[in-house]
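Enquirer: Here are the chains, one letter per residue:
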Amino acid sequence: MELKATETAVPKAMEWRHRKSTKPKSERIIEFIIKAGGLSSIVLIIAILIFILKESAPFLIKRFDFSEFFLSTEWNPASVVEIKYGILALLVGTLLVTIISMLIAVPLGLACAFYISEFCSPQLREVYKILIEFLAAIPSVVWGFIAIMMINPLIIHTFDVPIGLNILNASIILALMSLPLIVSVGEDALRAVPETYREAAEGMGATKWEVATRVLLPAAKNGLMAAALLGVGRALGETMAVLMATGHSIQIPESIFEPGRTLTATIAAELGESPKGGEHYQALFAIGLVLFVLSFIVNLSADYLIRGRKK
Amino acid sequence: MFKPSIHLLNKDIREKNFKNILSLVTFFLFLPALGIIFWLFIKGYPALSWDFLTQDPINGMTAGGIFPTIIGTFWLVIISVLVSCPMGVLAALYLSEYAKDGKLTRIIRLAILNLAGVPSIVHALFGLGAFVLFMNMGTSILAASFTLAVMNLPVIITSTLESLKAVPHSYREASWNVGASRLQTIRYIVLPNSYPGILTGVVFAVGRSAGETAAILFTGVAFYLPFLPSTVFDQCMALSMHLFTISTQVVGVPEAYPFATALVLILLILSVNSIAVGLRTYFRVKRKW
Amino acid sequence: MKKKIEIKNLKVSYGSKVVIKDLSLDIYQNEVIAIIGPANSGKSSLLRCLNRMTDFNNEVKVEGSVLLDGQNIYEEEDSTFLRRRVGMVSPLPVGLPMTIQENVTYAPRMAGCKNKAELDFILEDCLKKAALWDEVKDRLHTLATKLSGGQQQRLTIARALSHHPEVLCLDEFSIAIDPVTTMKIESVLHELKKDMTIVMVTNVINQAKRLGDRTAMMLNGEILDLDENSKLFNGQTKDSRTKDYIEGLFG
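Protein chains in written order, with our numbering: chain A, 0 to 310; chain B, 550 to 838; chain C, -12 to 238.
Everything labelled a hint here was simulated from the structure, so no lab data went into it.
Bear in mind that the values here come from a model prediction, so they are computed numbers and not experimental data.
Hints may be right or wrong, so weigh each one.
To be verified - Across the chosen pairs, the derived CB separations fall in these ranges:
hint, chain 1, residue 1, chain 2, residue 2, range
1, B, Tyr744, C, Lys48, 30 to 40 Å
2, B, Gly651, C, Asn(-4), 25 to 35 Å
3, B, Ser820, A, Leu299, 34 to 44 Å
4, A, Leu216, C, His128, 15 to 25 Å
5, A, Pro217, B, Trp599, 56 to 66 Å
6, C, Ser3, A, Leu52, 37 to 47 Å
7, A, Pro23, C, Asp56, 17 to 27 Å
We treat Cβ as the ideally placed atom computed from N, Cα and C, and that holds for glycine.
Go ahead and model the full structure; you've got the sequences and the hints to work with.
Expert: Structure follows, in structure tokens:
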């Protein structure tokens, strides 16, 4: 077929112009799959809840006693004398390491975020970003290993205490683990503050310090709080590192130099030994349920704060 | 002559201190990052050898190598990514190309957020309940990989979504304008211009799942196996789990041995992440717009 | 004269903001109708209704009807077919991130055309019509995104012509092009008038005067005035605001 480009008239050959493209079946199927894929996360989050409820249901129905479960410090699932399922000590352990780690990580992390977003040269910022990514990539089992091999002797030497695997150790490790998250989310929050705010403040003769405390802090408040909350979520759910670092003893610690135990570590340590379908096994799933609910609350609050910022 | 007042001078000093303190804090926070790898290297290097990488552990895991754990980690990572990658990309495509700004979208976003925040041990519980028991996979590579896949899903969705959003909306409009359907626009405009970002996100997810321990604890990974897995229904060993085992559960392991294992794990993850960073840089240079 | 498009009681709103209120307009076959008016008066929204680009915006609500050859396009199932019949040139140049050749042949390929000779013909023909052929004929396989803004705008026009639309909508097409090229394209539009109906939104009043057969004046989502150019631009306006706008007193 020879067509001359100089012709302005539409060549008859272009029959595709008049073809109504009825959506082919394959296209409909693919679009259906994409839409189904969109729902996958909803399905999964519900499935997680359902399966944990399902496995813990017999315990929740038959054995569960609110005051025992939440207010007793005795967790003795394998005791021959009296079996007790009290998670108070574990809950306190979890909260202690979370709070102490955040006391360390949040101020430091936000200071870092400030530095990287406000003072750093672009090249240095790139270097730090790579380091943040690197820190975030270290798996929790390696952190646990570091807790045992490095922080443990360090604590024994520095504070002259008999054991270095304790609440303090776990808190330090958790702080290091949450830092990358806090720094990067915090930095995002600070960079989201419009440049004009800084310019306006600096134009009026404000120092960097004044800009930081009077302009950036209020403007990025929600985002920075969300950064802290995400750190809390991370610390709350951390398992392996805490399992290896806390020293594993079920008690409410009286000082940060005493060992303790967390909810996550209990599941990790005991699920393998508990017979499937037994009461102990079900009780561990009930702990899982508590963790699920806790993380849900923390994440929803963080999202609420971030969304608040965008509005 | 102009003389700065005391007040201004003070301000100046405070300003400098402020900056210096911040830079010191940042520096000393990131010092450990470098310190750790250096320290692992020093301590683990003596035990690192070709034999260490290619031989089975012997004498109750107090000697020998870590070969089966590397193989196991490889299996878990590959299968989990094969599952989570298509699912994550589909979910992200839905959110970015089809979803309307309604209640459903809002709920999906919250679900993704919460899925990302679920503690890994809770994922392990879910994997045990759903894959091992309910779907009757038993403790197997498959069950563990699926559990990892569920964990990775929100990570992949989020990174894919970011890459899809980076494709300018005007390209989509131009494509629709000349009569291309939504799906054609995805196929010929959106995906060809976002796959580098998607790929980078997936590689990061690979690195993440290689180090994960808690999620595979009860779903498919054994402390010790005398043989290599032959099908996906077998159990396997894993590098991360092995590090946990020999550093806490086994007595009489020579000190360098867990250090070398940790070093291998870190180097593995680091190299995977470097690939991701490399891909990102490469595609940034090659970008078409 | 045959009515090509009949717009009846069209009402368009973005959320609670009404951008077009109860607009009716007939467009005849093979005419050039120019739509003028100050910014935010709903001109672009009106164009977007003609090829149902509004489908892709979740916030838009369209009421009323738009008939193309007597058929309500909002009742049509296949909107991609509609968009091939009603071509659109957006105000901002968009070169798709592919080669120049792929850009121009994109629409036919998406419509299922696989004939190489036909695609080559379309490529050369459309690029010539858009006054771009001479500049790019030696580098048809380079990235379109590397072209200059003006070149990309002409590429956009070539792409809109590639599927041989029956109606061509131009939304301020000359915004990114130099005057010489604009004149070239305007003369092409004159030629194209034989084959198609042209709806043109423009901010340049002289362009409406030069190219249009009729001109409509829009303000706040309504058509204030609509008449043949010979009347409208000679002071015979129904609304005084049209005259003020044409004479540059506001807008």
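Enquirer: Give a verdict on every hint.
Expert: For each hint, the structure was consulted:
1. Range check, tyrosine 744 of chain B to lysine 48 of chain C: Cβ separation about 35 Å, and the 30 to 40 Å hint holds.
2. Range check, glycine 651 of chain B to asparagine -4 of chain C: Cβ separation about 28 Å, and the 25 to 35 Å hint holds.
3. The given range of 34 to 44 Å is respected by serine 820 of chain B and leucine 299 of chain A, whose C-beta atoms sit roughly 37 Å from each other.
4. The beta-carbon spacing between leucine 216 of chain A and histidine 128 of chain C, approximately 54 Å, falls outside the hinted interval of 15 to 25 Å.
5. For the hinted restraint 56 to 66 Å between proline 217 of chain A and tryptophan 599 of chain B, the CB-CB distance of approximately 59 Å keeps it satisfied.
6. In this structure the supplied range 37 to 47 Å holds for serine 3 of chain C paired with leucine 52 of chain A, their Cβ-Cβ distance being about 43 Å.
7. Distance hint for proline 23 of chain A and aspartate 56 of chain C: a CB-CB separation of about 26 Å, consistent with the stated range 17 to 27 Å.
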